[in-house]
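Undergrad: Protein chains in written order, with my numbering: chain X, 1 to 215; chain C, 1 to 215.
Keep in mind that the hints are not guaranteed to be accurate.
Pairs involving identical chains hold if they fit within one copy or between any two copies, as the list cannot separate such chains.
[Unchecked claim] Straight-line distance between alpha carbons at most 20 Å, and here's what the computed SDA-like set of lysine to any residue pairs gives:
| id | residue 1 | residue 2 |
| --- | --- | --- |
| 1 | K140 | E40 |
| 2 | K85 | V63 |
| 3 | K194 | N116 |
| 4 | K132 | G109 |
| 5 | K140 | W117 |
| 6 | K140 | D51 |
| 7 | K77 | E120 |
| 8 | K77 | A144 |
| 9 | K77 | R192 |
| 10 | K77 | E89 |
| 11 | K140 | A188 |
| 12 | K77 | H60 |
| 13 | K5 | E120 |
| 14 | K5 | A48 |
| 15 | K140 | N50 |
| 16 | K81 | N38 |
| 17 | K5 | A138 |
| 18 | K140 | T43 |
| 19 | K77 | E88 |
| 20 | K140 | P44 |
| 21 | K85 | Y74 |
| 22 | K140 | G53 |
| 23 | K77 | R91 |
| 24 | K77 | A2 |
| 25 | K5 | E88 |
| 26 | K132 | A122 |
Hints in this document: simulated from the structure, not taken from any laboratory.
There are 2 protein chains.
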Amino acid sequence: MADYKLHCFAQSGHSYKAALMLALCGADWEPVFVDFFNGEGRTPEFRAINDMGECPVLVHGDVTLSQSGVMLDYLSKQFGKFGPKTEEEHREILRWVLFENHKLNSFQGIYRFMLNWAPEQARSEDVNRFMKGRSLGAMKVLDAHLATRDWIAADRATIADVACSGYLFYPREEFGWTEDDRFPNIEAWQERVKTLPGWQHPYDLMPGHPLGSNT
Amino acid sequence: MADYKLHCFAQSGHSYKAALMLALCGADWEPVFVDFFNGEGRTPEFRAINDMGECPVLVHGDVTLSQSGVMLDYLSKQFGKFGPKTEEEHREILRWVLFENHKLNSFQGIYRFMLNWAPEQARSEDVNRFMKGRSLGAMKVLDAHLATRDWIAADRATIADVACSGYLFYPREEFGWTEDDRFPNIEAWQERVKTLPGWQHPYDLMPGHPLGSNT
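Using the sequences provided together with the hints, build the complete structure.
TA: In structure tokens form, the structure reads like this:
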């Protein structure tokens, strides 16, 4: 049995943060597929492991964790990797983990869901436009931040970089972005993230997508 | 000059988390009014102190902080109050700080803004309905969590309670809630929060609202 079990599904950028961290740390882990699009997150069985009803959930021995930011903090301590070295770095990492939760991955995740997988009756042009605007606003903040640095919160890759990766490696067409929606500093940073040993694409790292290798 | 300066405005629930924490810690602090509704968050002067363009910003000596969750963590260490005692408490506190950022205060803040202060051309029934649904969903999660406990993350008040207070003490009518939108466990918890020494209403703690005492 693997040391770590990650309850997740391929399309979940919040799950990808934890899956990527496990991969980058070289952890002994395995994914457990959650059929989220068919309502598994609302079942009593799933609520029993996460009262917030969200993916991912990470199980390590008798420790069960929800919230990807908690997992990144926990794994950085378990493996002694990608964590802060000083209190100042701790604050800067936490700042970006909160930002990506609140603004970057939150809006991107909702927008992408509404665009691709929401039931017909729940779709709305207004909501999509609103979410796209919020999502692009957050991208602009991150792009400006990366204009003068290689990594988000320190002089090396940290869990802030893993956290902000959440939805950024999914195919552009899933976001309905036009050719004008370009973020050169984010794209350059993504190329650096891809060079980290162990990096894999979300569709290869987590189960449930027909195009992925882990299905 | 006060030890701490908090750049904020009365209607900002994200600012209220930091203002409430300063009040509960008995800090020597003063608010600096940010005219957010008139675009001050987008000015180069404000972006120079916070590249994310958000309120609040906390200044303490040569330390300048953005993201309310970072401030709560920082202040809990400065004052030795409302922080975790164990790693398990640390994880549980962080879990709720991330949840309130991502789901609770995020959706409540946007929904309330769109309902009350958004320019006419930006308003949309669809967006309001969507945000209200998301906001009530997050309230249900917190209400269920509080059914069996007095405080959110430990056997006493912690920064998780301060964080979740963000938008909850603003007048109900600002959220367009009906009489059916009741959360008895949250309401009972709010009464406990109010008994914490130093507690004050957001409109009294921060400047910029005509009904507040701090204008």
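Undergrad: Against this structure, judge whether each hint is valid.
TA: Hint check:
1. K140 with E40: between (34 Å within a copy, 18 Å between copies)
2. K85 with V63: Between copies, since 17 Å is at most 20 Å while 25 Å is not.
3. K194 with N116: neither (26 Å within a copy, 44 Å between copies)
4. K132 with G109: both (10 Å within a copy, 18 Å between copies)
5. K140 with W117: neither (25 Å within a copy, 24 Å between copies)
6. K140 with D51: Only across copies: K140 and D51 sit 10 Å apart there, 33 Å inside one copy, limit 20 Å.
7. K77 with E120: Neither: 43 Å inside a chain and 49 Å across chains, both beyond 20 Å.
8. K77 with A144: Cα proximity of K77 and A144: none, with 30 Å in one copy and 31 Å across.
9. K77 with R192: neither (23 Å within a copy, 34 Å between copies)
10. K77 with E89: both (14 Å within a copy, 15 Å between copies)
11. K140 with A188: within (14 Å within a copy, 41 Å between copies)
12. K77 with H60: within (13 Å within a copy, 28 Å between copies)
13. K5 with E120: Answer is neither: 34 Å inside a copy and 48 Å across each miss the 20 Å cutoff.
14. K5 with A48: Classified as within: same-chain Cα gap 16 Å, cross-chain 43 Å, threshold 20 Å.
15. K140 with N50: between (33 Å within a copy, 14 Å between copies)
16. K81 with N38: neither (35 Å within a copy, 43 Å between copies)
17. K5 with A138: neither (31 Å within a copy, 26 Å between copies)
18. K140 with T43: between (37 Å within a copy, 15 Å between copies)
19. K77 with E88: Classified as both; 17 Å inside a copy, 13 Å across copies.
20. K140 with P44: between (39 Å within a copy, 15 Å between copies)
21. K85 with Y74: Both. Shortest intra-copy (15 Å) and inter-copy (16 Å) distances satisfy the 20 Å Cα cut-off.
22. K140 with G53: Between copies only: 11 Å across, 30 Å inside.
23. K77 with R91: Cα proximity of K77 and R91: in one copy and across copies (16 Å, 12 Å).
24. K77 with A2: within (19 Å within a copy, 36 Å between copies)
25. K5 with E88: between (32 Å within a copy, 19 Å between copies)
26. K132 with A122: both (16 Å within a copy, 14 Å between copies)
When the structure is compared with the earlier hints, violations turn up for hints 3, 5, 7, 8, 9, 13, 16 and 17 and for no others.
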